[in-house]
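Enquirer: One letter stands for each residue in the lines below.
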Amino acid sequence: MADLAQAPLPGTFSRILREPRAVAGGAFILFVIFCAVFAPLIAPHDPLEQDLLLEKIPPAWQKGSEAGYLLGTDGLGRDLLSRLIHGAQVSMIVAFVAGTLACLLGTILGLLAGFFGGWVDAVISRLVDIWMSFPPVLLSILLVAVLGSGLHSVIVAIVVIDWTRFCRVVRTETMAQTKLEYVDSAVTLGMPRARILIREILPNVLPVILVLLSLEMGIAVIVEAILSFVGLSVSTDTPTWGGMIAEGREVIYHAWWVLVFPLIALFLTVLAFNQLGDGLRNALDPALRR
Amino acid sequence: MWYRILLNRLILAAVTLLGVAVVVFVLVRVVPGDPVAMMIAPGASEADIAALRARYGLDLPVPQQFMVWIKGILAGDFGTSFSLRQGVVGLVLGRIPATLELAGLALAIATALGTSIAVAATLARGRWLEALIDNVNGLVLAVPDFIWALVFVLVLGVLWPVLPISGRVDPRLNLDLATNFYLLEALLTGKIKLVGHLITHMIMPAMALALPLAAIIARVMKGTLQEAMVQDYILLARIKGFSRLRIVLQEAMRNALVPVLSLTGVQFTFLVGGTVIVERIFSYPGIGNMAIDAVINRDLPLIQGLVLAFAVLFILINLAVDLITIVLNPRLRHG
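Chains as they are written, first to last, in my numbering: chain A, -9 to 280; chain B, 422 to 756.
Don't read these hints as lab results, they were simulated from the structure.
We treat Cβ as the ideally placed atom computed from N, Cα and C, and that holds for glycine.
Among the hints, a few may not be true.
One-sided and incomplete, this derived list gives chain B residues near chain A with beta-carbon spacing under 8 angstroms [stated by the list, open to error]:
1) V561
2) P565
3) I568
4) T690
So here's chain B without its partners, still in its complex pose (with noise of 0.2 angstroms):
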């Protein structure tokens, strides 16, 4: 049963890439003004522009077109930014791991701190620290990352100015460091001070990211909680003995985890999407902020490369999601 359904999100994922490929494909034809006209030198003789039309397929049919160019996708060949003069491959894969890390740090800080308020307003329910809860927990939902970020940006860097509000590191430091992952790196060979150098960068975005995650979460877990807790097997455990909090975290948690899950899931592919802006603001050196500068330069292969990038992303976090679910969900387990 539960294989079932993972060859089910398999096909799908499949299906929803390929979606993505043909919408990319045919936007990207149908952008005024010819795209090899763009990256031609200016006093190009006619024979080099059929040349390069020749290169990119361009004199095809379109169904032959798509398919010269999905051929070159699947062989990694996506081309060469014309804004960097660079492979498009090498300039995405190099730019990945700094998005990811700081995504994945973002989803930590929600998913604690989403939790942690949880908790809490379930404890405090019916008095007037509930209240305050649920009232700043509404004003977070209301402001996007985008206000959050700039907001940081003023107080914590420039008014009381305890960060750094820009970039992923110090650009004088001696990084050493084998990978792109710099924070994992660190990590894991024990750098701790490097840690604490790059978490002041990473801290002001992440936390701009994650503060309208943490407030779903939070409003969502709560719910569930709240509705656990007038259960019969919590009053058996209130009968026990147990203390509130354990009964909360141990026994309510459980009720509240699947629930919490999918959406978490859902709610961080928008979170990975707000990194585009959020990079921006902080100029930290992802796909996102590069995306921009790819829009703004009308950079087409750089263009499809990083929309690709950030397709097969969020299939991998759902992906990733639903498997989790399975794993948590009994009925599907054992069926």
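Isolated chain A (complex conformation) (with noise of 0.2 angstroms):
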């Protein structure tokens, strides 16, 4: 029984492998992720340490670049590099932590929805629907107002505004399952319904959410860098791409590339995500694709 509900995946992987949207946007992830975790080995610099006879040095194949300095440094003299290293910390912490927690709230309460139905399935849809009612902005415009600026209140607003989407999309494809023959058989061997949810239905829907959970966390990314761009994120010491890009509008006129760096690191890791989740897609979900 079980191998049967399972059977699709064996070859999984190597599909994926040969999606090249994947692949590469996997690739730079997994770049960014080794960036964030060995950011003290790999920076050349402190990101935070100042000097300011070295402030707004251009990058190294401008003219009036200094050596050590790859990337240039900004207005108060910090190493660009160094702190676009360090950045990815944040931007990586808030993607695995919001996206995952977005996605195990609103896998659940969608998994409920659609095997259970009924009252079950009333009540958390009547929920999303009233959730969905309420544009992202406004909410995270309360949510922040409420909750202080800081990293956890980055976290928790991405989750109290995300998890709807994996809610609705887990809902929709888990009762398509529960309709299947496999799950009638698995009920007519006579077992639990918890069992029949999490070893059975489960993998089945883990596909989608899968492609749910990559896109998502590029959403996180993005809504982390306009948090801190705002200065509603972490604070001000640490370095982020969202608060690079702030010190970067500041300087524009002078310093361009102060700008320019945090922005192609935040739009690649973004377009990352993106093409990891439309690849993953493309080979997981036969049902998704166009």
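Two chains, each in its own frame: build the complex with the hints.
Expert: In structure tokens form, the structure reads like this:
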């Protein structure tokens, strides 16, 4: 029984590897994670070290550059490359923590609603409807106003706003699976319902969840960047890409590179999560393929 | 039949607004720290604090507090902004026109751009141009307005400085306008030079907001157009010898209108949400930019006013979309 339900899985990994967008996106994200984890080892300078004699030095290939500062320095003489590498930490923490929590909350509620139907579904679906009638911007303004700024608020805001993305899709998918014969067979065999849900249905809903999770992580990175751009995320002595972009916006007429490099990092990371999601969708989910 | 749907939507809108009001009320009251303590000058006496509590009804039980609060809001009393020391209603109303004009311009750009792309891709079906359009579209969809805005600032504002990167008008300019709807008023009174001046300030933020929406419109419209293009009535039109462009615009477009419109409506609310950050990047004086300042200053009365203003805006957009859908849908219109 369990073998039947999991039959599509063995070839999955090679199918993902044959999907160029998934591979490219995944590889870039692994690279960013590597930077985040080993930031203190690979960053050439202390990201907070200010040197006013070295302020606004252009990147290495420009006139007036300084050895040892590959991407140049910002308005306070801090090394941009080091700040970029350290900035990956906050982005990745938010992507994985907020993404995973939103995914867990939404998936659990979606599985319950889709599998049990009836009043469970009615309550959860109504909740999702009400939730989604609040535009995300309003909710995030209110949440950050109430919770105050900081990394925990950013994560809470993302989870509280975005769990519905998972819940809706997982619910529909679970409903479709529940109607299939293998579930009937499992019921006939007398399997407990919780076991059917976790061992039989969940593996079949998992591909969709993974696609959504990848896209959600990209959204989380952007939301964090926006909130640090306006100064509502972590405190300013932690380097973040959004914070660097805000600093770059200030000195844009004197030193364009202060804005450009974090912007490129943010763009590539968001694109990578997007491509990974699209690639996974092609590889894993025949129903979603176009 | 259609009026029943309309009534239904109106009731739903009222319920949603009430829901937003309840959420705002509850959230503002769970804010860590006493709101009164934040409002009052240091060194105020106990009696002053008690008077202020009584004025805001904070000494009453919570359900009664809610009634007092709702009554105040219905009477147009949103209180005074802590940080700007002015009435919230005046502040918000003064800023709304700027945001409406920006969002309106962005919507116009997105619709025009999205439609052109969809028509071009439909005409180029099966050729390399279609593949190119699809790929560019996919890329545009993946990039949020926040990044577009900064790219525009960098490219058109700094590296090749052709457009101003901040504000709504040059502060040195003597405007001499009666309302805060600068663009609309300039258009209506025929001040062409001022229109041009305003557009140079608005075009970059509007484009940043418009691009993701244009990509979505293009994708959905292209889908429905191509579906329509294989129908019998299109074949008939082709046999009659109509040009391909005319077939796409006149015949196939009719099919695409309703689905694209309802999609645009939903997406437009996201666009209005996007004004918050885009206005910030361009220092554009709308309610979005104001909302960020209000949150940074934890200016609760102003936050309440702005959130309700946004909520009303979203509800009105949804209502308008419903109305237009009813008008365009013959089954509902004649039912």
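Enquirer: Taking the hints in turn, state whether each one holds.
Expert: Structure-based check of all given hints:
1. V561: Hint violated; B/V561 Cβ to chain A Cβ min 11 angstroms, cut 8 angstroms.
2. P565: holds, 5 angstroms
3. I568: Holds, about 6 angstroms.
4. T690: holds, 6 angstroms
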